[in-house]
Every structure is written in structure tokens, then in C-alpha cells.
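Engineer: Below, each chain spelled out in residue letters.
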Amino acid sequence: CSLFYGEDGLIKDTSYDYLKAKETAPLKIPPHLKHENNVNYTVVPAIGEQAKNAPSGKDISLVAPAQILDVLDNIRANKQSPVPAIYIVENEEFLWDTIINLFTEQGVKFSRRDKANRVLETEWVAVDKRGVWLGIAGEDDIDEFKAKFRIALSEGILKDEKQITVERIAAQMFNDDTDKWQDMANYWHDSAEMLNLIIAHYDTATIERDRNSKNAVVAGFKVQLAHDDNNNAALVTETDKALVWEKLPKVLEALDFDVKDRDRRLMTYFIAYEYEEPGFFASLFDEEQTPLPLESGDYQVTVTTVGELTAIVFRDGQGTPLNAETMVKLYPQLNKLFSDKK
Amino acid sequence: CQSNRATTTEAQRINNAFKLFERAQQSMLSGNYRSAVQYLERLDSLYPFGAYSHRAQLNLIFSYYKLNDYASGIAAADRFIRQNPRHKDLEYAYYMKGLINYSSEKGFGKELFSAPLSERDASTARQAFDDFAELVRLFPNSHYAKDARQRMIYLRNRLAEYELHVANYYMRREAYQAAVSRAKYVVDHYPKTPSVPYALKMMEIAYNLLELPDLAENARQVLLLNYPGFKE
Amino acid sequence: CVYRLDIQQGNILAQRDIDKLRPELTKNQVVFVLGSPVVDDGFADDKWVYLYSYENANLGKTTVKKLELYFNGDKLVSAAGDYEIPEALKMSHNIEQ
Amino acid sequence: AEKTTSQLTTPKTFDDEFIVTEIDVNGLQRMELGTFFNMLPLQVGEKLDSSRVPIIIRTIYASNSFEDIRMFRDGGKLYIDLKERPTISEITIEGNSDIKTEQILDAMQKSGFAKGEIFDPSAIKSIKLGMEEQYFAHGKYSIKIEDKVITQSRNRVHIKFIVSEGEPAKIQKISIVGNSIFPDEELLNQFELSTGEWYSFFSSEDQYSREKLSGDLETLRSYYLDRGYLKYENTSTQVSISPDRKGIYLTINIDEGEKFKVNDIVFSGDLILTKEQLSSVMPLSKGDTYSAAAISFAEEQIKRSLGFYGYAFAKVVTVPNVIEGENKVDLTLFVDPGKKVYVNRINFAGNETTNDEVLRREVRLMEGSALSNEAVDRSKVRLQRLSYLEEVNVETPKVEDKEDRVDINYQVKERSAGTIQGGVGYSESWGTSLNANVSHSNFLGSGKRIQFGINKNKYSESYRADYWDPYFTLDGISAGVSLEYSITDYNELRYSSGLLDTASLSFNLGYPINEVSRLNFGIGYQDSKLKASRITQAVQVIDFFNDNGQDIRVDPTFDYDLYRLSAAWTRNTLNRGIFPDRGTSQTFSTNFTAPGSDLEFYKLDYSINHYLPIAPGWTFLSKFRASWGKGYGDTESLPFFENFSAGGSGTMRGFESNTIGPRAVDLENYEAIPPISPDGTQSSVPWILPSELSTAVISRRTAGGNARVLGTLELIFPVPFAEDNNSLRTSLFVDVGNLWDTQFDINRYGYLPASELDKIPDYSEPGTYRVSAGFSLQWLSPMGPLTISLSKPIRKEELDETESFSFNVGKTF
Amino acid sequence: CSDEVDIYEPDPLVDLDNQFETKVLWKTSIGDGTNDKTVKLSPVYAYQKIFVADGSGNVAAVNPDNGEVIWQTELNTVIGGGPAVANNIVAVGTTQGEVIVLNAADGTEKWRRAVSSEIITSPAVGDGYVVVRSVNDKLTAFDAESGEQQWLHDQTMPSLTLRGDSSPVIVGGGVISGFSNGKLAVFLLDSGRLAWEKTITAPVGYSEIQKLVDVDVKPLVSGTNVYVAAYNGNLTSIEASNGQAIWQRELSTFQEITLSELILLVTHENSHVSAVDKSNGVILWTQKALHRRQLSAPESIGDNVVVTDFEGYLHWLSRKDGTLVSREHIDSDGISAVPLVIDNKVILFGHSGNLYAVAKR
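Residue numbers (the numbering used here), protein chains in the order written: chain A, 3 to 344; chain B, 11 to 242; chain C, 237 to 333; chain D, 96 to 908; chain E, 31 to 391.
Excised from the complex, chain A in its bound form:
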């Protein structure tokens, strides 16, 4: 209805008139007069340097700014970096391959693929008007907007942490009247959305990895009851920490614990236990489900190292380690489950 209501329509749409509003010079007061009580109730403050060349009027985008989804337990956003970046606790090879096959699966070719210093640059990919990659590649799929992205892998700050940075290095828009490709400015938000896509893809990849690692038969291993560094009761084994980390959830589920959360950085599983009276049926089906000597509530299980051995420490919701006698009572069931095959 632009004719009827719009810029120059019958009913004037005045929402963009403000662009034409002008400030006038402040009043000069003749020498013999004075103008004391001129308190300015509507001070218009000056803006900073960087803000000088920001867009305004129609071409300011009101869309909500993108957020980096550092929600996985082993991911942390790097808020300082000018370019969207995250720190991630993961082995480099697996990361590098996951990122590459995110693009290759969709047939995206790379203009630069430098395995040595871990830098990838994509060919043109199709993006929507907000600059988000549509997940399809190929020259012919691009119709209106296209962009190029650079993804780099580098060292993180904390121990065995890597950093992934994503940057949109080029963006073009097809201009219908001149029907030529015309450059577009790059915004932090466009690269942030691409980084989020990488995080999502990495997440599905880890689930894949965990599933096949689960299927791989994890040989049982013996656990002894001993103490950890600050002599709390703990289960100790020689098996490698990563294997124990993989096996632990299966053992916990078998003991009817419910895994609520996990933190790979702290190597801790957050679990809850619901104490249920062994109902009539349980005894009927003679499940040897002997209830654990624990009240229902929240618990934590942490995998740490004692010297060269791996230790498993059980803690309650508040983080205080369980005392020795409970561990002694738990030990038989735990030992049996850790050592059997499945």
C-alpha cells in the first residue's frame, strides 16, 4: 500500500524523516546580554570514532545479533577475539577431519587446504540474505548471495585446548539492474552463524564417535578399592583414563543411576539415583536388583589420576566424597560390572 501509505503516499509514512533532521548552531549571545539558565534538558551526546561510519536509516539491520553457541561441556567462547572463535577440548585430528567433511559432504571445494598450519578457505558457497550458508555448494546453486569463508585451527590457552576461528573473507550480491556481482560488507554476525553450524556438525560427529566406540567391545578390567591423593575412598585401576571414561556411563546405567550431565573438562559425570522399594514385580522376575545403599538424590563420579593409575571417585550432590563404608558396600557390584564384557 505504498501509494496510499508510504514515503510519498497519501498518508505520509514519517518513520524515516529523522534522517533529514538537522541540528542548528548553538545560540550566540550578544556581549551585553547573558543567558544563564540555559540548562539543556535534551543533551545529544557525541558518538565514538568507530561508530562514525556505522550504517543508519534503512540499511541498519534490526535483526538480533548472532550468539556463539558455546554450550557443549568442552567448548568455551573466546570473547576477546575480533573474529568469531571458540576454545575446544578435542584432539586436533578429529576436529580437522570433522570440519573438512562438513563441507565435503555438501560438495564444497576448498580454494586453500593447508593441513600444516591448519587453515581452510572455501570456494564460493550459496548463502541466504542474512549471510548464513544454505548448506549447499556447487556453482549452479548460487543465485542471489554468495560468500567465501576461512576456517583456522590453532592452539588454545588451557592445557590440551584448541581454538577454531571462522571468518567470512568475501561476500557478493547479484545486482539485478546491473546484473553484475557486487561486493557486500562483511559482518561479525555472518561468520558467527557459520561457526555455530560447525559446532552443531562437530556435536553430531561426537555422538557418532561415542556410538561406535560404545559398540567396540570394551574389555572388562579389574578395579581395587584404594584411596586417591587426598585419601578419599576411590576405585583404582591401571586401565587408561579415556577407556574408563567410556566404560563408566554403561556401569552407572546398569546400577540404575540416571546420567543427567557430563563435563569432559573436569572428567565428571553428574548422575541422580532414585531409591525404589524393590516392588512385588522385581521379586517376581527375580531380578537380582539389590537396591544400592544410597539415598535418592544427586551424585557425581569423577575420573582422575593417582600417580600413573586411574582413580574413580564418587561424590554426593554437594561435592563431598562418599565415605569409606559406603564405598565398601558398593564395591562388589561396581567391580562385577566393570569387569564384565558388555
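Derived from the structure by calculation, the hints contain no laboratory data. It is possible that part of the hints are untrue.
Unchecked claim - Pairs of lysine-lysine residues, derived as DSS-like cross-links and limited to a Cα-Cα distance of at most 25 angstroms, are as follows:
1. E:K375 / E:K390
2. D:K195 / C:K263
3. A:K30 / B:K211
4. D:K210 / D:K195
5. B:K241 / B:K202
6. C:K283 / D:K434
7. A:K36 / C:K297
8. A:K60 / B:K120
9. A:K24 / B:K116
10. D:K508 / B:K116
Given chain A's structure and the hints, the job is docking chains B, C, D and E onto it.
Structural biologist: Relative to the frame of chain A, chains B, C, D and E by itself:
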């Protein structure tokens, strides 16, 4: 005391969070902001902390603005500011608060049925001005600072025009002392606005009508000094 | 004929307050005695005008009463206008200033 | 036990100074490395010795974001191992019903304990203290609060508070000691707190709270002071709780003192008002019993009247001085009018569509004029009379830096004055009606009213357009023009008979003659064509045609042009435009055709509505209306189509429209077939037998009358279950009224046989008044005003058609 | 499903087969009782008569053997505390803030005086004085014969106190009373001067509830020791002459303490009953079965200890180890008065206004 068995582990929750946000984005792109709001509200309630809720809350502000639901838009912005005092996108929330107040005065309905903009209630305009002022004060280098400042100039001129509109009424009413103080209010408190010369002219005329020639002369000289060629 | 609204503007001064005025009073003291003037000059503050006007629309009669106070800096020097001016403040008395 | 101790271990391997070549920080999760480094009082390259280490650890610890700090040295490399304090990811409160969770969370947020903040375990103790304090204020003394800290992934904690509120302490006994004059019961039922009756389980009056107790002590004090016990004193009050924490016992010890009489009353200070005015306002006089309430009433009245003279901030203080030994007291009222106050700025808020000037012109005082509270209130009432404002509130705050200046802020809430109505209406008497009506009484926020209307129903079809500007000039001279074309089928209207086709154009002009009354003058031209039916038997129609020298049987149409002039006086002191509940509105109007128009007649009409508020929400409305019309010059009597009507929701509820009043008298005379004339043609003129042989039949159709008197008594009561809804009004009413024809002359039918004659009632007899009573509901629906009334006629004439239920949409008030 | 147990709910009765039976010898109605369970109206034995005052305003002297009323006086006011009988007079305090003294012989009114607040505990009579403690922590002394007010003393009061006051005790030319601020004080009868003052328990905690430390117990004087306890605080044995504490142990109660040769009998605040060695404060035994049943003060009779509860049961415990030995239901309105033991009879005064004498069958 039903123990909430959060069966889904952290990993599974991420996937449906992505799907949920994807659906919200689709409806926003297609302009169906009503359903976008529902998805975003659910996303915020399911994942009440961390990056999800920030993303959901910011998009909620935008969707309410698009739905012209100004009250909920401002409430969403205030909630985001209160809950995330040190978030990097705080400036967006401040900017949107100002923009929502600014546009609640305009719009098709208002233009058709209401009195001219500068002749009606100035309190929402004043509120929009204060919101933008806070944005520029807190984030002088913000991406939105330049646009906000430009809108502030427009709003200040509109507030000055409102004062003159009232002063004109009092002139017609022959309540010259009232007209003079309103005109003086513009000169004193709304500097650097295009209404200042008209205010000075009105002060001169009113002082003359009040038979205070020397006060009129002072006003005339200030006007002459600043706007030599000014004609009513 | 048509009922029009009476327009009353400006400070209503009582003679007994004006009698309290003395030279050398500071501006704050004058405000304490007479209140602050409704109409004031935006660009000069050495002269205050207490202007009272009452336009009785239906009788078509407007009464105006004016009091002008002259200051030197912050001190009251002299006064003039339609009220009885205290001797000390008469203009003639202060010609030499 | 929470892990809060931070191991401030001084590093073991520090034996001597060394230059720090590199710093390796470990364990940072939330805090950025940059922020940590600019907090660390150490740079690479500085010397570090064992004395500086504790200082460094203490500064890091002071940031309150680390639980555990350890420093190690390996050659030139300094290792800093940090354990960050967890952030709070979620706070949940369970088991609280008396105090809302938001309230508790807000209180926590103030002490820095909220979602996203750093979790400081020591804060839990003060949080619980705060919550207990909140509960004690609610009288919940047996409160138990338990807290649980559940650690979560990524160093976050979820804090859970489990509240068991227990029984609120109920007041078991309140005893007043030392009251000899007034018995306990009389004093106790002034109290808000009580030992609780059966219904106290949902009202919380038996729940102790400090505020209520101090309120009750204040009530007790004024109870005595209002009855002359100047020296009353509450010596002490004890609050104790029963061991099982369920009962509260209150003991109030008082010393009544003597009863005092008023001796003499003196007014002093700068009085402004005369002594007579002052004493007229003071209820107490010499010898009366002293009463604090009476004194504060007098103070209030004096302040109000000073407000009229511009002293908005007057202060009145009463100093009693006791005459020892005689139980008498002299009262001195010090009046300090304070500064004369002037209006600084008048501001309006909430007028999103209405122009500022439309509101400002209703305000009776100007900026810069002396403040008069009376004028401020009067202006509020004038604003409320505008039909496009729903609510008006005013406040007069002081201006900070100016001692004698006050701002007047009007806060208005607009009602959508623009109604684009279209659609089908239904009214029992007039069947379905189609109407489309665009009306806006605040067009473009300018206060002008523009209306275009098309109205079609069983009995009429009308097209109407009018424009009215209440402030054509600044002083309130109003001007308006309206154009109307309508066709009315009187036959349908149970009116005599005939079709009236009218087109009219009229101008009107009005101006105020004082604050509340106005004069309006109107001038209009009307061109109409009446088409009666040739064979009508209605005597009134026939008489009309005869009076105007035209035989209806020959030419049943009658065209006439009128120049209509009107003058009206209105006085309106209603307090609101829509649903007033105080004040009176009167109108006296004359409406006449200028001499030389085809028909010369005049009509007078006087109506008064008086609203008398009885109690909050209850108003007694009395309405009276009298109208009278007569022909003049060469028009014998008021033409029948200009007659007044009675019956229907506008005039007499409970009766069908136009069913009251003189009936049309049909003289049926037998028609013979006209004889064939000698030349074989049959004349078209029917052969009418002489009128003496005709029989009179009183038809159901009314003929209207030129005199009408209507009266209503109505009791408006608060709408049950929706008191604060100000677009609904319910009332019980009694309508009385009659319509008769003063010019009716019975012996005009003298020629009829006696048997027929006494069938015609004497319609000039005003005694045949009707009465009906019932209930009416008015609703200001978005589609426009809607009225439903249930009524029952009490006194009616036969042939009156009554309707017990009427529902219609449209203007009724 | 939040298992919100109300920590103040009384436990149900445990089932018990009485080792011996008891029977009510006689029952006399004094008045129509009171429903305010916090006032202290306990019968007193003097001049071979039982004196008792009922909440509804009746004071009576009863023959302990058959329960006949020797004299009965009708005072149309609500009696809050008493009676106290000595020097041939009977003194009661009313909730209207009046102390009324009758002649012990025939119950005729001797004099009555007003005090500044409500009285809900028994006055003290002795050495020619009548000392009254009112709810506002004021102690007022009157001359027993003329009723002239001799002196008055008050204490600073906390903003929230426990309902119930400590009755004053006249002994050796002084009067001892506990106060709501957790203090015990001794005043000289003739001058009203403060002899010494001792804090039994200092208020601790941050909310009004935690800071309740009222000393509502009537000080028990035995030899040169004074035994007293504070709510939410300690049971203490104090040297009467100088106020030094001999021993102190944590035990919160507001009910009176009774002495039986070498042991103190105490009802805790939560209605557990304990026997305490009076020389060193060691708890010999504690009976917890009557948890929260709002027990009265315990009294020893023979080798038993008797105590009554809010449902009107009379419980017999063994004096040796506190085990429940017998129980009988007496008065359905509940009994909270201190049991009075005369030879082998236990005199109980129920809230229904009836006086009972109970003995082993």
C-alpha cells in the same frame, strides 16, 4: 517432588535446541512473527541459561517489535538488560527499547486518525529520547550509536515543536506571559533546534504586547545576531 | 453576549509586602518577600518585572499593574511601577547611581 | 561441608629471588585471560621473592572469583593454578506460598545473589536470614528453610531453597488494660487485628503483623482523642507468642485520662479569610467536648478555602493548651497561607490521538496565573465531559527549585472516539435494520465531530451527514452543518398513514453564556412531500388536508417547504460525558417554522436530568421532560407528522414505540359503487355515503399528540461482579408519562350517532398517564452503546402494546 | 508431597497396660474454667485447706479429705494468676491488671489495687508483703495488711517475649523473680533495692524468635540454692546469697521445676520429662514418649512422678527410671496446673473448672 528425570543427556538437548531455533528463524524469515514468538518462548524456558537463552531473548525483542506489541517488546528488552548486565549485545537491547518507544508514536493508524505528530502527547517521545541517550552514553562506539543519535536530534526537534505549538495556543489566547515562558523554555532547554528562531520571534512579539520594550529589544538582538535573515 | 474566559496572568502583589522592600536586599530576599516574577527576561537579569494582568472578558476591561525592580549585581537598587514605592527605593532618590 | 577454605599455600620451592621469564595460568574458565593479567600485580621480567608472593595471592583472592590459588616455580617459569568459584546457573525455591518467588528472587538480586552471578557460599546464611525476616513480618514464626547446593557441569551450581512455612501464628487474645470508660468489645471492633471469627480462615485479620498492630494502636488513640480524652496515653504494649508458636497474645496498657471540654477557640496568623468564614468551618464551639476529628476537619476546610485564593500550600496547626485542674482546653489555630502559588507548566500525558490544544482549551486557568484548586478540579470535570476521554486524573506536584511554582499534570486515557459501525441491528419493534455509520467525535484528534450515516429499517430510510466543531472560535463558539434525506413510512410506524419524504439542510451556531450554560441557534431549510393514501379513513389526516384547503381524495399528496428556526438554552453541570453520576443537565428549546413557510407551527421542549449520588457506586437519577406544539398563523394545529410520539426505549420503556397517545380515528363509511353516468362511463370518484352513516373505528395506529409529559425515577447501582468496569451501568427505573392532543375536539364528530360517539375517547384528556417499571443495563460496547431493558407496565390504556424486553444498539442517551 | 512435618504436633499416646489402677476420690466444680491455657492457676495447700482460683473469677477453699467447698467467693473478673496463700490472706491477679486479696478464713475481700498491666501468674505473699509480677515485666510490692503500694521495679523488655511469666518467690527478706529478658533478680522486700541480678541465658541468634530467652519458671528455693531455667536456654543452680552459678546445663523449659529430695523434676519445652541430680545437674533419666503433649510440671508422690497433658490424661512415671507405669483420663478440657500432692492424694485442677483428688486404688 516428582524427581525430574532429565533423561536427555546434554548432547541430545543440543540437537533439539538447534532444531527449535531453526524453526523460529524460518517463521521470522517468512514474517510469521506470532509463531516465532512461541518457539522462542519455549526455547528460553527449556534452556534457561547460557547462549541459548540470550539468543532466544534477543530474537524475542525483535519479534515483538515486528508484531507492534510494544509493551511486551520493552518488557523483553528490560528483562535481558537486567539478567545479563555484562553481555556483549546489551547495546542491541537498549537500542530496540528506544526504537520501540519511537515507533509507538508513528505507524499507519496513528497517521490516519491522530493529530499531527508534534501536536500530541510528548511523553513517549521523551522516553524514546532517554532510551537512546542511555545507549549512546553507555556504548558510544556501538554499531547503533550513529542511528540512535540521529533519531535523538529528530525527537528533540519534535519536542521543541510541541512547546511552540502550546506557546502559539497561548498567544492566540492572549495569555502572553504563558506564551513567553513556553517560548523561553525552548530557547533555554531545547538549544540547537530549528524552533529556536521562531521562539525568539515569539518572545519579542509577546514582550511588546506586554509593553516591556527593553525585554523585547533583548530578544530581538539575540535573534538578529543568530538569524539575521529570519522572517516569520 | 458570548461568555469569555477571564485571563489572569502574573504576580499578585500585596502592598504590605512591597512596603517591606529596602535597598541592598539580595535577590533571594526579594524572592522570599514577593515570590519570583512570572515573566522574566531571558537575556538580562539586572531588571525584574512583576507584571499583573487581569482581563475581565465579559466587561472587556483589562487591569494591568507593573512593578519594576532594578538590581546592581545581586543588590536591589531601586524600584518603579504602579504600586506605592517605598521612599528609599524611588528612582529620584538614586539618580546619582 | 562447603568447600570454601582457600588453600593460601605459600609455594614451597621459593627459596630465593628470581626473574619471572614466563607466567603459565591454568584453570581459567569464565574469567578472560586478559582480565586476569591486568589484575595480577606482576609482569614478566619482574623480580619475585617469597615476601611478595602472599601479597599477590591476596590480591587475586580479593577478586572474590577464585576458590583456590596455588603458585609453583620451575626455573624462570611461574605456574599459577586457579580454581574458579562456580557461577549460579539456577535458583529454585520450593514450598513457599505466602511470599511469591519473584519477591524473594528480587530481594536476593539486591544482595548480588542471582542467576549468572558468582556463587559465594557465605552469602547463603544472610539470604536465609533475609527470607526468615520476610516471613516473620507475615506472622509465620515457625518457618524452616533448608538449602541445597547441587554442582553442575562447567563449574556451575544450582541453588535450591526448600521452605516449610508451618502454621501462621494466629492471634489468640487481645486484652486492653486500663479502659474504664469504653468496654473492651467497643474498642476491639475498631481494630483491624482480631482473634478471628469463622470466616477468618480466608481473611487474614487474625494473622499478626507489626504494621497492623501499630495501625490499630493509632486507631485506638484517635478513638479516645475524638471523644475528648486529650490526655490519653498508651503506656506500653506487650507482644508474646505461645510456646507452640501458634498463638500470639497482645496486651495493650492504656491510661485514659480525663474528658476535656473546649474552652475558647482563637484563630491567629495570616488569616486571609474573615473570622466569620473561619468559625463557620469550625464544628466545635465553647463548651463542646474536645474532638481531634472535628479539629482536623476544620484544618482541612480552611486549607481548601485558602486553596481557592491561590494559596495551594497553606498550613494550619492547632495548639491545644490545657487549663490545669478544670479539664478544659483552649484551642489556638495558627494559619500560615504560605506563598501565593503560580502555575508553572500545564502538561498532558496519554493523549496519543487528541491534539494538545483540544485538551488545553478546556482548562480554565493559564500557565503563569495564580493557582486555584477549584479551577483545577473544574477543568478536570470539563475534560471528563469530552466523550472521547475515558478517564482523567490530575496531580499538582511542586516544582523543585522554584518555591512558589506548581506544575499541573493531567493524565488522560482516551476512549476510541472513532467508530466505523456497519452491520445489521435488530429491534423488536422495528425489525431488522441495516445501518452503516462512520462517526468520529474527535476527527484527526481535533475535537471536531464528523458523521456519515445510512440507516435503513422497516419504517424509515435515512441518509445523514453532519459536521460539528465545538470550538469554531477559541472562546468556544460552536458551529455545525448537517444534511439529511429521509423517507418515513408512517403506516409501518403504527402511525396514521402516509409516506413522508424529506430533505433538509441546517446550520447551527452556539456560544457559552457562562461557565455551564450555552445558547444555540439553528436555521435550516426543509423540502418535504407527504403522500397520504387516497382512501385513508384517519380523521386526523383528512382534517389536515381540509385545514390546508385540499381534498385528500382528490390529491393525497402535499408538498411543503419549511424554513425552520430554532433556539435552545442548555445548562450542563454533569461530572462526566459518559455515565455521569453527579450534576444536572437541562435543555429548553424552541423550534418554529418561519412565517411564510407553507406550514406555520412551533414546538417547545424542556427537559432536565438530575443525578444525585447517594453512596459510592449508587446514584439517584430523576428525569422530567415536557413538550408542547401548536400551529400559528394560518396553520390551525400542529401537523400530524410533526406530532410528538411516546413509547419505546427513548421515552417510555415497557411500551412499544409510538403506542401511547391519541389513536387514529377511522371513519368507515360505506362506499357504494358509483352509478354509471348517462354517458356509460363510471366516474372514478367513489360514491361516499353521507358521513352521518359512517362508523367510527379506533385504529391501533396512533396519531401522536401535540403535548407530552414524561418523567423517570431511576436508581443506578454498582454492577455486581464488575464494579470497576466503567463501561457498564445497571439501574432500576420507573417511567411515567403521557401524550395527548390539546386541540382534539370531541364534538367535531358530533354528527356521528351517539353509539359511535362514545366509542371515541376524549384524547384531549391528559389524565390517561401510563406507568412502567423495570431494570436496565447499558453497555458501551466497541460497536457502540447497547441497551437492554426488562420492564413491566403498571398502568396502561387498552390498545397500548407493551414489550417486556427491548434490546437495541445505538444512541440512547 | 513435601514431607512438611509440623515440628510442634503432639505425638499420639503409646499403648500401655497400667501396672496399677487409680481412682478419683472426689471431684468438685469450682467455676466454668478457662480456655486460655497460658495462665497459671494452680491449687495451693495451706491451713489444712486447698485454695484454688478459677479463670472465670471464683476463689474457693476446699476440704482436702472430701472435696467439700468450705467457702467460695465470686469475683466477676477474669483471674490470670494465683492463688497465693500466706499470712492468712489469699491473693490472686486478674487479666484486667488488678491484685485482689481475700481473708483466708472466710474469703471476704480485704483490699484490691490496680497495677499497670495484665497479671497471668501467681502473686507472692509473705513477710507482710504481697508482690505481683505483671506482663510488662514490672514487679510491684504492696503491704499485705493495708494494700499500700511499697515499691515498684521494671526491666527492659525485648520486643517479642514468650507468653507466660515467672511467679515471684518471697524468701529470707527478699523476693526472687525471673524476667522476659533472660535475667533472674533478687530485691530486698523492705526497700525494693536490687540485691543481685544474674543473666540465666543471653539472647543469641538474629531473629526475634531465636532471641527468646524468657525465664518463665517460678524460682525453686531449696536451702541456699535457687534452681531456675530459661526458655531456649539453661537450667541453672545459683547460690542464693550472691547469685553465683553453681552448675549450668542446657535445658529449655517454661514449666515449673519441682524438688523431690535430691532430684529435680523438670518438663522440657518439648514435653520430655527429666530427673536431674540437684547437686551437679546431671540428667538421671528422660521420658520422651509424651513428646509435645503440652505436659504440666511434674510432681513426685511416693516412688512415682505424676504429670498431666493437654487431653486431660494423668500419667504416672516411675521415679527411678521414668518409665510410664499408669495412666487415667481425668478432664477432657486438659490439665496444665501444677499437680498438688497431699499425703497420698494428687490434687488436679482441670481447665473445665473441676478440682479432682486422685489416688492409687
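Engineer: With reference to the structure, classify each hint as holding or not holding.
Structural biologist: Verification of the supplied hints:
Proximity of E:K375 to E:K390 is assessed by CA-CA distance (about 8 angstroms); at most 25 angstroms being required, the pair is judged to hold. Annotation: proposed proximity of D:K195 to C:K263 is violated, straight-line Cα distance about 55 angstroms (limit 25 angstroms). Our distance criterion of 25 angstroms between C-alpha atoms is met by A:K30 and B:K211, whose separation comes to about 15 angstroms. Note on D:K210 and D:K195: the hinted pairing holds, with a Cα-Cα distance of about 17 angstroms set against a maximum of 25 angstroms.
A distance of roughly 18 angstroms separates the Cα atoms of B:K241 and B:K202; the hinted pair therefore holds under the 25 angstroms criterion. Between C:K283 and D:K434 the CA atoms are separated by roughly 22 angstroms; this keeps the pair inside 25 angstroms, and the hint holds. With a C-alpha separation of about 37 angstroms, the suggested pairing of A:K36 with C:K297 is violated against the 25 angstroms cut-off. Distance restraint check for A:K60 and B:K120: the Cα-Cα separation of roughly 21 angstroms lies within the 25 angstroms cut-off, and the hinted pair is therefore satisfied.
Restraint check for A:K24 and B:K116: satisfied, since their Cα atoms lie roughly 20 angstroms apart, inside the 25 angstroms limit. Taking the CA atoms of D:K508 and B:K116, the gap is near 18 angstroms; set against the 25 angstroms cutoff, the hint holds.
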